[in-house]
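J.: Take the sequence shown: its position 308, counting from 1, is numbered 308 in the numbering used here, and each next residue is one higher.
A couple of the hints might just be wrong.
Straight-line distance between alpha carbons at most 25 Å, and here's what the computed SDA-like set of lysine to any residue pairs gives [stated by the list, open to error]:
1) Lys335 <-> Phe345
2) Lys5 <-> Ala236
3) Lys121 <-> Trp66
4) Lys121 <-> Ser165
5) Lys335 <-> Leu199
6) Lys311 <-> Thr282
7) Lys335 <-> Ala236
8) Lys5 <-> Ala72
9) Lys121 <-> Leu76
10) Lys335 <-> Trp201
11) Lys335 <-> Arg304
12) Lys5 <-> Ala29
13) Lys335 <-> Trp313
14) Lys5 <-> Ser238
15) Lys311 <-> Gln141
16) Lys311 <-> Ala29
17) Lys311 <-> Arg53
18) Lys311 <-> Arg288
19) Lys369 <-> Thr301
20) Lys311 <-> Thr341
21) Lys311 <-> Gln51
22) Lys369 <-> Glu266
23) Lys369 <-> Thr341
24) Lys369 <-> Phe345
25) Lys5 <-> Val21
26) Lys5 <-> Gly59
27) Lys335 <-> Pro195
28) Lys335 <-> Arg320
29) Lys5 <-> Pro237
30) Lys369 <-> Trp201
31) Lys5 <-> Arg67
32) Lys311 <-> Asp36
33) Lys335 <-> Gly191
34) Lys311 <-> Ala71
35) Lys335 <-> Arg288
36) Lys121 <-> Glu60
37) Lys369 <-> Arg177
38) Lys5 <-> Asp36
39) Lys5 <-> Leu76
Quick caveat, the hints were computed from the structure, so don't treat them as lab data.
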Amino acid sequence: MRAIKRGERGPAVTEIRQILVTLGLMQPAPDSAEADHFDDATERAVRAFQQSRGLSVDGEVGAETWRALDAARWTLGARTLYYSVSNPLRGDDVRQLQERLLEMGYDAGRTDGTYGARTAKALSAFQREMGLVPDGSCGPQTLHTLRRLGRKVTGGSPLKLREESLFRASGPSLVGRQIVVDPGHGGSDPGVVVPDGPLRWTEADLAYDLATRLEGRLAAAGMRVHLTRGPLPIEAPSDADRAQLANDLSADLLISLHIDGHHNPEADGVATYHYGTENGVTSTMGERLAGLVQREIVARTGLRNCHTHAKTWELLRYTRMPAVRVDVGYLTSPKDRAQLTDPMFRERVVEAIVAAVQRMYYPAEIDVKTGTIDVSQLRLALGELSK
């Protein structure tokens with residue numbers, strides 16, 4: 001989908017404005033002649049919507065922002081929800097149902113707003129316990145029953161408790177675990193591009209170099225590593241496709257590698273992102289992985305700490321395992337670019353990520369200080385195990 005932005009007119013703009021008015025983010029157009037105009041007020045409303053939903057804030061309605069706007073039309077009870085294999089229902093009403101089921105103690109999985117098999121199974125279990133027809137569809141009777149019952153899970157977020165329990169039971173070893181490493185962009189989408197004398201640096205190429213280095217280090221530590229794309233794909237996979245690959249592989253972790261850019265060359269530093277919503281729902285272990293990656297990179301490279309942030313990007317929302325996106329410096333910053341184009345610097349970034357992955361599996365009582373894990377020792381430990 002081509003991004004729709006300020007200055008454009010047409011039926012699509014009219015629809016965008018109608019949704020934004022319904023959400024209370026802008027006033028109706030004063031006359032019908034302006035109802036299809038993407039004006040300054042529309043851009044401000046789009047930015048406010050993107051900010052509230054954890055999306056990239058650019059004031060334009062691209063594919064991901066449009067899907068989020070379309071989902072925002074729906075509130076729980078506005079339609080009957082059911083499981084469709086070929087064309088799953090998506091919307092805020094689905095997300096609200098998933099959150100309610102989790103509060104009740106039913107494992108609906110990630111609150112991603114998609115009515116999939118796991119959500120239908122959780123709802124069927126609830127219906128069965130309540131003496132309703134267990135058809136996995138949420139109609140008026142099921143909704144009434146959901147609304148009149150209180151929470152069953154106490155002592156913390158049910159999703160947090162479930163995620164932490166799985167990691168505690170899995171042990172500290174990396175051997176045999178599966179990880180998906182996602183080099184961002186690719187194909188006809190190079191990401192950030194910066195000419196540098198006779199050279200031309202692209203985000204896609206540097207991200208792929210980081211990904212292959214990380215692949216080698218993690219494989220040496222005993223993990224099974226999968227990349228989401230090759231060096232020269234015909235077309236870059238969508239974020240939803242990348243997430244689906246990780247889900248199909250039943251991966252334990254996903255790490256997506258990007259390099260940032262900004263019109264201001266003074267912008268620099270590293271930031272890490274995990275799944276989280278404006279109402280506090282978050283991937284607990286994704287948040288932990290983001291924090292570990294961020295701290296290890298800052299400690300080992302000296303990049304400016306731009307901290308961790310919760311986002312609802314599709315890559316983070318649709319993955320069923322802890323997933324993070326790392327923006328390793330700014331290619332548009334002369335200071336960061338000088339480091340990013342140095343292979344030895346990229347090796348330090350990779351060592352930091354490997355250390356963070358190992359620490360993910362350490363229980364709190366044996367965790368170590370940031371920057372102290374010797375990544376080469378992980379390979380030696382694997383060699384000892386294989387003897």
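J.: It remains to establish, for every hint, whether it holds in the given structure.
T.: Hints, verified against the model:
1. Lys335 <-> Phe345: holds (12 Å)
2. Lys5 <-> Ala236: holds (23 Å)
3. Lys121 <-> Trp66: violated (29 Å)
4. Lys121 <-> Ser165: holds (21 Å)
5. Lys335 <-> Leu199: holds (17 Å)
6. Lys311 <-> Thr282: Holds, at roughly 9 Å.
7. Lys335 <-> Ala236: Outside the cut-off at roughly 29 Å; violated.
8. Lys5 <-> Ala72: Judged against 25 Å, a Cα distance of about 19 Å means the pair holds.
9. Lys121 <-> Leu76: With a Cα-Cα distance of about 18 Å, the restraint between Lys121 and Leu76 holds, given a limit of 25 Å.
10. Lys335 <-> Trp201: holds (14 Å)
11. Lys335 <-> Arg304: Holds, at about 11 Å.
12. Lys5 <-> Ala29: Holds. Lys5 to Ala29 sits at ~17 Å (cutoff 25 Å).
13. Lys335 <-> Trp313: At roughly 28 Å apart (the allowed maximum being 25 Å), Trp313 and Lys335 break the hint.
14. Lys5 <-> Ser238: holds (21 Å)
15. Lys311 <-> Gln141: violated (34 Å)
16. Lys311 <-> Ala29: violated (31 Å)
17. Lys311 <-> Arg53: holds (8 Å)
18. Lys311 <-> Arg288: Holds - the C-alpha atoms of Arg288 and Lys311 are around 14 Å apart, at most 25 Å.
19. Lys369 <-> Thr301: Holds - the C-alpha atoms of Thr301 and Lys369 are around 16 Å apart, at most 25 Å.
20. Lys311 <-> Thr341: violated (28 Å)
21. Lys311 <-> Gln51: This hinted pair holds, its Cα atoms lying about 9 Å apart.
22. Lys369 <-> Glu266: Roughly 31 Å between the alpha carbons, so the hint for Lys369 and Glu266 is violated.
23. Lys369 <-> Thr341: This hinted pair is violated, its Cα atoms lying about 28 Å apart.
24. Lys369 <-> Phe345: holds (21 Å)
25. Lys5 <-> Val21: holds (17 Å)
26. Lys5 <-> Gly59: Within the cut-off at roughly 7 Å; holds.
27. Lys335 <-> Pro195: holds (15 Å)
28. Lys335 <-> Arg320: With Cα atoms ~36 Å apart, Lys335 and Arg320 exceed 25 Å; violated.
29. Lys5 <-> Pro237: Holds. Lys5 to Pro237 sits at ~24 Å (cutoff 25 Å).
30. Lys369 <-> Trp201: Judged against 25 Å, a Cα distance of about 35 Å means the pair is violated.
31. Lys5 <-> Arg67: Between Lys5 and Arg67 the Cα gap is close to 16 Å, so the pair holds against 25 Å.
32. Lys311 <-> Asp36: violated (30 Å)
33. Lys335 <-> Gly191: Roughly 19 Å separates the two Cα atoms, so the pair holds.
34. Lys311 <-> Ala71: Satisfied, since the Cα-Cα distance of roughly 16 Å is no more than 25 Å.
35. Lys335 <-> Arg288: It is violated: about 29 Å lies between the C-alpha atoms, which goes past 25 Å.
36. Lys121 <-> Glu60: Judged against 25 Å, a Cα distance of about 37 Å means the pair is violated.
37. Lys369 <-> Arg177: holds (23 Å)
38. Lys5 <-> Asp36: holds (12 Å)
39. Lys5 <-> Leu76: Since the Cα atoms of Lys5 and Leu76 sit roughly 30 Å apart, the hinted pair is violated (cutoff 25 Å).
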